[in-house]
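Turn these sequences into a full structure, and let the hints steer you where they fit.
Protein chains in written order, with my numbering: chain G, 1 to 263; chain U, 1 to 329.
Since the hints were made in silico from the structure, they are not lab data. We treat Cβ as the ideally placed atom computed from N, Cα and C, and that holds for glycine.
Beta-carbon label-pair distances, calculated as ranges:
no., chain 1, residue 1, chain 2, residue 2, range
1, U, K208, G, L118, 46 to 52 Å
2, U, P59, G, I253, 30 to 36 Å
3, G, L260, U, E205, 34 to 40 Å
4, U, K39, G, V186, 48 to 54 Å
5, U, H99, G, I249, 26 to 32 Å
6, G, T4, U, D139, 20 to 26 Å
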Amino acid sequence: MTLTKYIEISKISVYNSLAYLLDFFSGSLFIGLIIFVFIQLWNVVYGPSAGLIEGYTINMMVWYLVLTEAIVTSPGKILEEIGDEIKTGNIAQNLNKPYNYVGFKYASSMARTLLRFLITFGVGSLVAYVFLGGLEVKFLTLPIILVSVFLALTLHFLIMVLLGILVFWLEDASATYFIYQKIVFVLGGMLMPLEIFPTWLEKISAALPFSYIAYHPAKLFVNFQWSNVSEVLLKQLMWIMIMIVIVTIVYQICIRKISLNGG
Amino acid sequence: MVAIISIKNLTKEFKTRRKEAGLKGSIKSIFSPSYKLTKAVDNVSFTIKKGEVIGFIGPNGAGKSTTIKMMSGILFPSKGKMDVFGYNPQKQRKDLSFHIGTVFGQKPQLWYHLPAIDTYNLFSKIYELDEKSYRSRLDYLVKLFEVEEIIFQPVRKLSLGQRMRCEIIASLLHGPKVLFLDEPTIGLDLIAKKKIRELLKRLNENEKVTIVLTSHDMDDVEQICNRLIIINEGKIVYDGSTKDIREKYLKYKVIKVTLERQVTSLGLNLLGVKTIENEKYTQTLEVDTSKQPVQKVISQILSKHKISDITVLDPPIEEIIERIFKKEL
Chain G
1 MTLTKYIEIS KISVYNSLAY LLDFFSGSLF IGLIIFVFIQ LWNVVYGPSA
51 GLIEGYTINM MVWYLVLTEA IVTSPGKILE EIGDEIKTGN IAQNLNKPYN
101 YVGFKYASSM ARTLLRFLIT FGVGSLVAYV FLGGLEVKFL TLPIILVSVF
151 LALTLHFLIM VLLGILVFWL EDASATYFIY QKIVFVLGGM LMPLEIFPTW
201 LEKISAALPF SYIAYHPAKL FVNFQWSNVS EVLLKQLMWI MIMIVIVTIV
251 YQICIRKISL NGG
Chain U
1 MVAIISIKNL TKEFKTRRKE AGLKGSIKSI FSPSYKLTKA VDNVSFTIKK
51 GEVIGFIGPN GAGKSTTIKM MSGILFPSKG KMDVFGYNPQ KQRKDLSFHI
101 GTVFGQKPQL WYHLPAIDTY NLFSKIYELD EKSYRSRLDY LVKLFEVEEI
151 IFQPVRKLSL GQRMRCEIIA SLLHGPKVLF LDEPTIGLDL IAKKKIRELL
201 KRLNENEKVT IVLTSHDMDD VEQICNRLII INEGKIVYDG STKDIREKYL
251 KYKVIKVTLE RQVTSLGLNL LGVKTIENEK YTQTLEVDTS KQPVQKVISQ
301 ILSKHKISDI TVLDPPIEEI IERIFKKEL
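What follows is the structure, encoded as structure tokens:
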């Protein structure tokens, strides 16, 4: 019974976003342009010999970006949404309903996110395929990569929820989002694989949770190694658990403050 | 009848941050923030019985909404005891949510881009209703609120009055015993207001749902509530039947006349009529309707003067409160 609630929430959230198709998917179309520009850029970097950079061929490098870009941009404005609801006190609406607020948000945003991920990834793949070429992937590995992507999106969601709740103290949602986004771009390895960094920075970045949103799942995608699978998935699960604990605690404190002191 | 809600010595204090003007003040408030305590609700006690329709009325910032929010479990009180059907709203808000419905005039719960029916279906799942009873409940409410067509149109395309009717249905699907409404008629035009009032009245008569609403519109309360709680500056100023208030304090009407020519006095000389304001062309009169029918006053003004505008008003809620204070009820 409880699960049906959240499934229904996901469904209605998708219908609601589909009311304005163009608005919903316009972000997804933008990825085409980005991939196109990066193909030109990497072409210059790799030069005519087109060898390997840190173990990546140019095709791997671009397809890596297709996946990280799709993961990172699909969730949309969760952080701002939650920050807004907390600042305006609209969150109160959700407090006396028989569901969990974070669960409600997860259900409603995950459905939208997955839908947008499919479109974004599709557009990105198309551009990469047409202007550069394909990537060698074993079909058997795809389900594992999908699981890893799903976990990455969940972790991404949880961190944004946490930051959204922190807006209660930080005050400015869009600045918080801006900083977080840049951290994921660079330290999360969205723009390029972490191997390109100096070793010390690569090591730090690879250990941080942000790289489990972009770098690790994308590396699994372009350079699948059975030896990495369990470590990546387990670490993703670990970070998700840690974030759930932190979000729960911070959420309770925040809601208590709101309930005591108004929105 | 038994009390279903009892509130004892309820107090709510808000801490607000104070900041002195200018950059110096900003820096100072970072290092040593100073807070100001405001009492939004101050030692309020009352009980509500099953089937009552209660209006909380008072000027803006009087503490009406805060009281309703505490009863529905959204805000926690600073002090005091609350019992809503045996639940403590502060500790059991999820359990309580199955028994109450809330409508906040300024915070819609319907999904904006979808027809209301989609939100209803979702709510039926959220409140764990079984399909059959939900269908018959929905049919009944849709007929009662006369929204048969409207619920299939996207909410964003509805008028404010239609939207409010749909909002109220959303809060009634799970058959709550109490309906809390915070400013349900805010921003509505007269006809839409009237409609909402009628519906709430019918709902109360048909289902014996207890209704607690806030408003700063005296008309709202006068027409649907059998009991009135007037709140001012966090304190209950009056708690009693609406009839009493009407007889004691609403027997006054205010007439505002704008004349075509300037006169020093209207020269009415009628019992129970007092001039309270006298500006160039506009005179404001107060009529004690127990002594003098409004009709007679108007017809006399019309027969003596050429007027360009005339309006009849109820005295504003602030004035009623002031009167109550003066008579120390």
